[in-house]
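Engineer: In case you want the letters, here they are:
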Amino acid sequence: EPEVTQTPSHQVTQMGQEVILRCVPISNHLYFYWYRQILGQKVEFLVSFYNNEISEKSEIFDDQFSVERPDGSNFTLKIRSTKLEDSAMYFCASSEWGGSITPRDTQYFGPGTRLTVL
Amino acid sequence: AQKITQTQPGMFVQEKEAVTLDCTYDTSDPSYGLFWYKQPSSGEMIFLIYQGSYDQQNATEGRYSLNFQKARKSANLVISASQLGDSAMYFCAMREGWDGTASKLTFGTGTRLQVTL
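Taken in order, these protein sequences are the chains called A and B.
Residue 84 in our numbering sits at position 93 of the first sequence, and the numbers go up by one each step.
Quick note: to get our numbering, add 2 to the position in the second sequence (first position is 1).
Here chain A stands alone, though its shape is the one from the complex (with noise of 0.2 Å):
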């Protein structure tokens, strides 16, 4: 069955670093997402991206990040200059659709990559 999948599945990074966290979607998705969860805390939306660009984005998404999609299989999050608050597991997702109220809106997320910032 197809999968979305990230790496790396752990990231180490000393604060004021860059960072780049990966995400194949699933091939035949054309939107993607990423979303954050703090230890212990919910899912928040970051970010989403249709037809190589921005669909949405939240508060949390400020200057420091950014998303590419660099190539037809990669979808990458950036983050330029780390923070200690930055800590979380990072999820990416994908879905068929989007916006259409079917069972194709489905996202389908990756394992996630555990961000520590020191």
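Please keep in mind that the hints were generated in silico from the structure rather than gathered at the bench.
You may find that some hints are simply not true.
[Stated by the list, open to error] 35 Å max Cα-Cα, derived DSBU-like pairs, lysine-lysine:
{"no.": "1", "chain 1": "A", "residue 1": "LYS48", "chain 2": "B", "residue 2": "LYS72"}
{"no.": "2", "chain 1": "B", "residue 1": "LYS5", "chain 2": "A", "residue 2": "LYS74"}
{"no.": "3", "chain 1": "B", "residue 1": "LYS5", "chain 2": "B", "residue 2": "LYS72"}
{"no.": "4", "chain 1": "B", "residue 1": "LYS18", "chain 2": "A", "residue 2": "LYS48"}
[As the list claims (entries may be wrong)] These stretches of chain B come out as covered by chain A in the derived footprint (C-beta under 8 Å, 3 or more residues):
{"no.": "5", "stretch": "28 to 37"}
{"no.": "6", "stretch": "49 to 57"}
{"no.": "7", "stretch": "88 to 101"}
{"no.": "8", "stretch": "110 to 117"}
Ideal placement from N, C-alpha and C gives every residue a C-beta, glycine not left out.
With chain A's structure known, arrange chain B on it following the hints.
Structural biologist: Only chain B this time, still in chain A's reference frame:
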């Protein structure tokens, strides 16, 4: 106001029994989708079941069913014949709107389910 409310931080159920996890939602949009995800201790988010706002029947997927009461704005997850492997965190989520663009999921705070022998 919270868009998704899960009032049960933790639940216990005996193996082979059924359990209901509560979820209420708040939206003024007539078009929305409701989702339940399972998060085991390993951390991944596993999709369980989907209910669209225009669906006339309650969704079912194997041992999972969704008790959708639109007027009450509730979308409770029912797990029948609980198994030890059902022990996990369960999140209710909602996606609003019908405009063909990528729409975010809004999650509740989750319910931790513990299945006991």
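Engineer: Next, verify each hint and record whether it holds.
Structural biologist: These are the hints, each one checked on the structure:
1. For the hint linking A/LYS48 to B/LYS72, the alpha-carbon distance of about 29 Å falls within 35 Å, and the restraint holds.
2. At roughly 28 Å between alpha-carbon atoms, B/LYS5 and A/LYS74 fall within 35 Å of each other, so this suggested pair holds.
3. Between B/LYS5 and B/LYS72, the direct Cα distance comes to roughly 15 Å. Compliance with the 35 Å bound is thereby established for this hinted pair.
4. Distance check on the hinted pair: B/LYS18 and A/LYS48 sit about 42 Å apart at the alpha-carbon level, beyond 35 Å; violated.
5. Evaluation of the coverage hint for the stretch 28 to 37 of chain B: fulfilled, as 4 residues show C-beta separations to chain A shorter than 8 Å, against a requirement of three.
6. For the stretch 49 to 57 of chain B, the proposed coverage by chain A is satisfied: 5 residues have a C-beta within less than 8 Å of a C-beta in that chain, meeting the threshold of three.
7. Remark: the stretch 88 to 101 of chain B is confirmed as covered by chain A, as 6 of its residues place a Cβ nearer than 8 Å to a Cβ of that chain, reaching the required three.
8. Evaluation of the coverage hint for the stretch 110 to 117 of chain B: fulfilled, as 3 residues show C-beta separations to chain A shorter than 8 Å, against a requirement of three.
In the structure shown, a violation is registered for the earlier hint numbered 4 alone.
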